[in-house]
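Could you build all of it, start to finish, from the sequences and the hints given here?
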Amino acid sequence: MDDFRLPADLSGQIGAFLAGDHAAGEVLARRASRLALKTAGAVLRDREDAGDVAQEVVVEALRSVKGLRDPEAFDAWVHKITVRVASRAIAKRERRGSSQVSLETARDAWDLPQEEVDLDYVLSARLGLVAALARLPVRQRLAVTLRYVHDLSDAEIAGALGCRIGTVHALLSRARTGLRSDPSLGFFMPVMQDTVA
Amino acid sequence: MSIGHDPIRGLFEPARELEPRDQEVTDALTLALSAPQRSSWRTRIVNIVGIVGAVLALVVTFAVVEVRGLGSPVHKTHHDDAQLIAAARRESSAIDAAALVHALQTLKSRTRRPDPSQSARRLRSARGIDHRFSDGRPARTHTQRRSPSRGSRCGCERRAMRPRPRSTAEMRSRVRG
Numbered sequence: 071m072d073d074f075r076l077p078a079d080l081s082g083q084i085g086a087f088l089a090g091d092h093a094a095g096e097v098l099a100r101r102a103s104r105l106a107l108k109t110a111g112a113v114l115r116d117r118e119d120a121g122d123v124a125q126e127v128v129v130e131a132l133r134s135v136k137g138l139r140d141p142e143a144f145d146a147w148v149h150k151i152t153v154r155v156a157s158r159a160i161a162k163r164e165r166r167g168s169s170q171v172s173l174e175t176a177r178d179a180w181d182l183p184q185e186e187v188d189l190d191y192v193l194s195a196r197l198g199l200v201a202a203l204a205r206l207p208v209r210q211r212l213a214v215t216l217r218y219v220h221d222l223s224d225a226e227i228a229g230a231l232g233c234r235i236g237t238v239h240a241l242l243s244r245a246r247t248g249l250r251s252d253p254s255l256g257f258f259m260p261v262m263q264d265t266v267a
Numbered sequence: 013m014s015i016g017h018d019p020i021r022g023l024f025e026p027a028r029e030l031e032p033r034d035q036e037v038t039d040a041l042t043l044a045l046s047a048p049q050r051s052s053w054r055t056r057i058v059n060i061v062g063i064v065g066a067v068l069a070l071v072v073t074f075a076v077v078e079v080r081g082l083g084s085p086v087h088k089t090h091h092d093d094a095q096l097i098a099a100a101r102r103e104s105s106a107i108d109a110a111a112l113v114h115a116l117q118t119l120k121s122r123t124r125r126p127d128p129s130q131s132a133r134r135l136r137s138a139r140g141i142d143h144r145f146s147d148g149r150p151a152r153t154h155t156q157r158r159s160p161s162r163g164s165r166c167g168c169e170r171r172a173m174r175p176r177p178r179s180t181a182e183m184r185s186r187v188r189g
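Protein chains in written order, with our numbering: chain A, 71 to 267; chain B, 13 to 189.
Hints were generated in silico from the structure; no laboratory data involved.
Mixed in with the good hints, there may be bad ones.
So the derived label-pair ranges between C-beta atoms look like this [as the list claims (entries may be wrong)]:
1. Ala146(A) - Arg21(B): 17 to 25 Å
2. Glu78(B) - Cys233(A): 37 to 45 Å
3. Leu43(B) - Pro207(A): 26 to 34 Å
4. Asp221(A) - Leu70(B): 46 to 54 Å
5. Glu118(A) - Arg50(B): 58 to 66 Å
6. Ala161(A) - Val61(B): 45 to 53 Å
Listed below are several chain A residues computed to face chain B (Cβ distance under 8 Å; list not exhaustive) [unchecked claim]:
7. Asp91
8. Ala93
9. Gly95
10. Lys108
11. Leu132
12. Arg133
13. Ala195
14. Tyr218
15. Val219
16. Ser223
Computed far set for chain A versus chain B, every beta-carbon distance over 12 Å [said to hold, decoys possible]:
17. Gly82
18. Arg104
19. Ala159
20. Lys162
21. Ala228
No experiment lies behind these values; they were computed from the predicted model shown.
Even glycine gets a Cβ: it sits at the ideal position worked out from N, Cα and C.
As structure tokens, this is what we get:
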């Protein structure tokens, strides 16, 4: 969807959807699904869990889109819903007790790139990141995900998390420190330390 | 996967490339457009009974506390006192002096005053560590004044050794010799 990165006529789309245009609804659903899937994909263990979260976000967003006062804030609103739904999913999963995922399971669960890549390297990076993120507090996880996946500003992250900008600074700083010192990402540490330094 | 310039950003690269499948979008849209599931009659009845029961429990609790005077001791005392006064009034209208006296005595005995024997100064005095200035003002105890830098001295002795403040006239006379 090339039109995703362009500022779409969101007010028009939302108006058409509320008037009963299913095509407009599909555009909004795809947009919300992409945003939610990227966030959930980073913080959850596998693609299926992320897909469930994305579906729940889309349903909630479209059902309550009538209450959205500023149509241009659709993305921020979706991020806010995603944070809530993803936090719930993380809490649910942690209650169940998360287990280590093998490379084979991850290979089956994720959509892997089609081009020739070092699959073990890719999967190790993914699992390392998921394990490292799992050791961070939920809000740090979500803050760092919104920053690095969606390139959101501090103010936008604060809006999604429902906190102050200063809190976002602290969350991001602690999350970066946690990721850099995490043993799961030790394989990447030399590269990271070189680049950071 | 390339780590890229920012290593942490590079780690998030797979999530940035995630795309929803068409089937997922269609399913979500269908779910969103379908009417939300309504709760069954049984669930509704249970919910209504629960809410009504909770409200009734609150009302009954409030009524019992108010009528029977089962609240805080102060509240209960006020409540009982009000009852006693009302009884005294009733009795006085019947010109029953004995009942009136009894009611007033009971009321008086209920009046709570602070127990003077429990005041801090009396306790200190009982321990023999009550310090007072020469004009009778109470001073603090040794234990309150003691500090590590002073050792065991409390400051009372130091205050006693301090030269008395002199009046201006006295100072002038000292200067003149």
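Worksheet item: Of the hints given before, which are not true for this structure?
Response: 5, 6, 7, 8, 16, 18
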